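The listed protein sequences derive, respectively, from chains A, B and C.
The first sequence maps to residues 1 to 252 in the working numbering.
The second sequence maps to residues 253 to 520 in the working numbering.
The third sequence maps to residues 521 to 796 in the working numbering.
Quick caveat, the hints were computed from the structure, so don't treat them as lab data.
Check each hint, because a few of them may be wrong.
Computed footprint of chain B on chain C; a stretch qualifies when at least three of its residues, placed anywhere within it, have a C-beta under 8 Å from a C-beta of chain B [said to hold, decoys possible]:
#	stretch
1	692-698
2	705-711
Dumping the calculated DSSO-like pairs for lysine-lysine here, alpha-carbon to alpha-carbon at most 27 Å [to be verified]:
#	chain 1	residue 1	chain 2	residue 2
3	B	Lys270	B	Lys379
4	B	Lys452	C	Lys683
5	C	Lys683	B	Lys379
Fair warning: this is a prediction, and the values are worked out from it, not measured in the lab.
All C-beta atoms, glycine included, are put in the ideal place defined by N, C-alpha and C.
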Amino acid sequence: MTIAGYRIPPMFSLIFWAIVWEIVGRLGLVFLFPPLSHVVMELGQVLGSGQFLGAALLTLKCFFIGIGIAIAVGVPLGYLMGRSDTADKLLGIWVNLFVSAPLSALVPVIMILFGMGEATIIVTVVLFAVWIIALDTRAGVRDVSPSLLAMAQSFGATRWQTTTKIIFFAALPEILAGIRLGVIRGVKGVVIGQLLVSILGLGELFELYSRNFLMEEFWALTLIVFGFALGAAELIAILERKIDFYAGVRHG
Amino acid sequence: MTAAARAVRAISSADAAKPVVEVRNLGKRYGSQVEALRDINLDFPAGQLTSLLGPSGCGKTTLLKIIAGLLPATNGEVFVNGQKVTGPGPERAFVFQDFALLPWATVVRNAAFGLELRGVPVAEREKTARHYIDQVGLSGFENRYPHELSGGMRQRVGLARALAVNADVLLLDEPFSAVDEQNRRKFQEDLLKLRQVENKTLIFVTHSIEEAVYLSDRIVLLSPRPGRVSEVIEPRISRDRSPDQIRRDSAYLDTVETIWRGLRDYAD
Amino acid sequence: MSVQTNSQIAGGVDAAREGAATTATSGESILLWRLASIVLFCLAWEIAGRIPINVAFPPFSEVVMAFGRIVADGTLPAAFLDTLQPLVIGVFLATAVGIVMGVGMGLREELEWAGVPVFVVMQAAPMAALIPLITFIYGIGLTAKVLSVIILALPVIALNGYKAVRNVSPSLRAMCRSFLGSRRQEIFKVILPDASPMIFAGLRLGISAGFVGVILAELLITPTGIGDLITYHRSIANYSEMYAAIATIILFAAITVGLLERIEIALFRPEKKEHA
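Same shape as in the complex, but just chain A:
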């Protein structure tokens, strides 16, 4: 948007909403929203507390292990579905089902099978992230230009060479897009998993704050979690833009 000839970047509107929040909070209109400034001041308090530190470490650990497993499983799975029609037909409906199904309903099962601990949260992250990574990888592998494959074949490339030197790089933009979406879903998974287990990590903190109506602490924690989610997604997006260079060459 431009005001008086100056372009105001879109993200500035978040500042605008922050001010609205502050005003609403000061007026005390909605119990739900304490003034943003109080929340921000509480931020330091929350960040410094040992309880938060433990929860953050647990969250990060579960998240990265989960995403790692999701990538390690999802990319080969997507590759298999992209290259083999049989695999695609057998696995396709399940992957498509799980990518849009309300997987939160499965968390109670995971809790029974894996216990009320870290393992459950890791499995939740994997379950949330793996399907979209597989689907995007499959799309990328299917999309590899046939003339590139024919080229590799005509120069006598082995199957392994074709996979590692052609298909992987040609599909990389889609794989990364899938991983970015997987990361976003994984963050939701790590939060939902902890909320449902509710006796450890962030879930315990959220439970504690909302049960005791500590709104400022609650929002401070929420802001931290949102910030982490956006930061993680943005990090992958930057990586993606670098890879877009290849994509531009490929589609150009």
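Position chains B and C against the provided structure of chain A, taking the given hints into account.
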């Protein structure tokens, strides 16, 4: 221009025609860096087909869109029938490179869309649309959808839509570039026939030298970056012969050759 | 142009018919493959349950029988009604508000500036974290569930509406202007029809997100509906019943979303219909 091209004098109305479209000192800049057009002065005589020809990036489509009123000029002006152009008008109709057909509408509704926007009642506008669908050779396809048609047939719908609003000036933006070669030739021949029935002024953007020479009364050659008028050529080819004869005519071949020699410097 | 272009027209139609014929034959085999895939999945489940890999992992056949039991005693249908009510209300409200906001953001720059970043944040962030709060504020009734559905469904519906309007073919818009269409005509005759497939796709994603919202609300705090059924049978170690409830709601969500996808293709994508 070669002697041969000058020698073949057509019975064209070029000498008598007064300009319908006048372009005066026209310039166009995108931002502060890119200068697309500089100091264009052109007259487009009534009833003639004028091609804008040039290498890619010479601003020919930009010029056409400014005449259409779809883009504002940075400086200079365009007059149509003596009226200054400030936006699209009823006396001009545009044929789009990518057809711009509504995918959810049938051939009839697409062809009648210009009239629909003008508030013409359904029965009347569909009657007009059917007439022009027949004229462009698509009768029997009235209730088909664009995705059921080939590229050439889709562009025929685009042409019928432009004809249906009964504008004096048809602006065609590379209308055949998304049509395959055989259909393009057929379409070109049909367009020549159509010109004998409908008395329109046509402005035609193309990057094909052969197409320009084959179709045009006048060819405006544009040079690239910034686009300027480098030459205006009148092929003077008699059109009352068969297409094959025209394509073997020495005037046709010589004009193609002349233009190619002028343009080859721009090839990269 | 009296000369008919017979050869070309016939060619086009033939090509279309050929395409339809090949997809028709592969359509049957796709169905067979799906059946095979489902049978294999159930078989694997049955075997894993019989080994058993875990005491809390019943074989498929027992889950099917449990499904029969909870349907027969009426708990599953009742739970479904409890779950669907807030879902339908929430999705309806999110759709109405989301489409208006999304289209508005696509058409007007100030709305885009003010709204898009907020929805982008809402979509990327784990909004589920707010559900416990909502339940504490609005109690454990219908309101809390409806709100949970809305906060999860609204961002994707609004953002899809926005993107849909932004992705309308510029050449169609130019066409409308060149044939003297007014702004109103441009919006109603070109922009909205061209945007509707993507708006509808947003609706589908919104419903998918709404399912997550309502189930989370039920699992987390509000002890009603399917969520309660799951929690209850887990607490008394009726694992087969629990699996049946979970599988039912997941399948129900997947089938609903799948049906919407079919409707989407039938309504908006004439060019894709024969490949569906």
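Here is how each hint holds up against the structure:
1. 692-698: Result for this restraint: holds, n = 6.
2. 705-711: holds (count 3)
3. B:Lys270 <-> B:Lys379: violated (33 Å)
4. B:Lys452 <-> C:Lys683: This hinted pair is violated, its Cα atoms lying about 40 Å apart.
5. C:Lys683 <-> B:Lys379: violated (37 Å)
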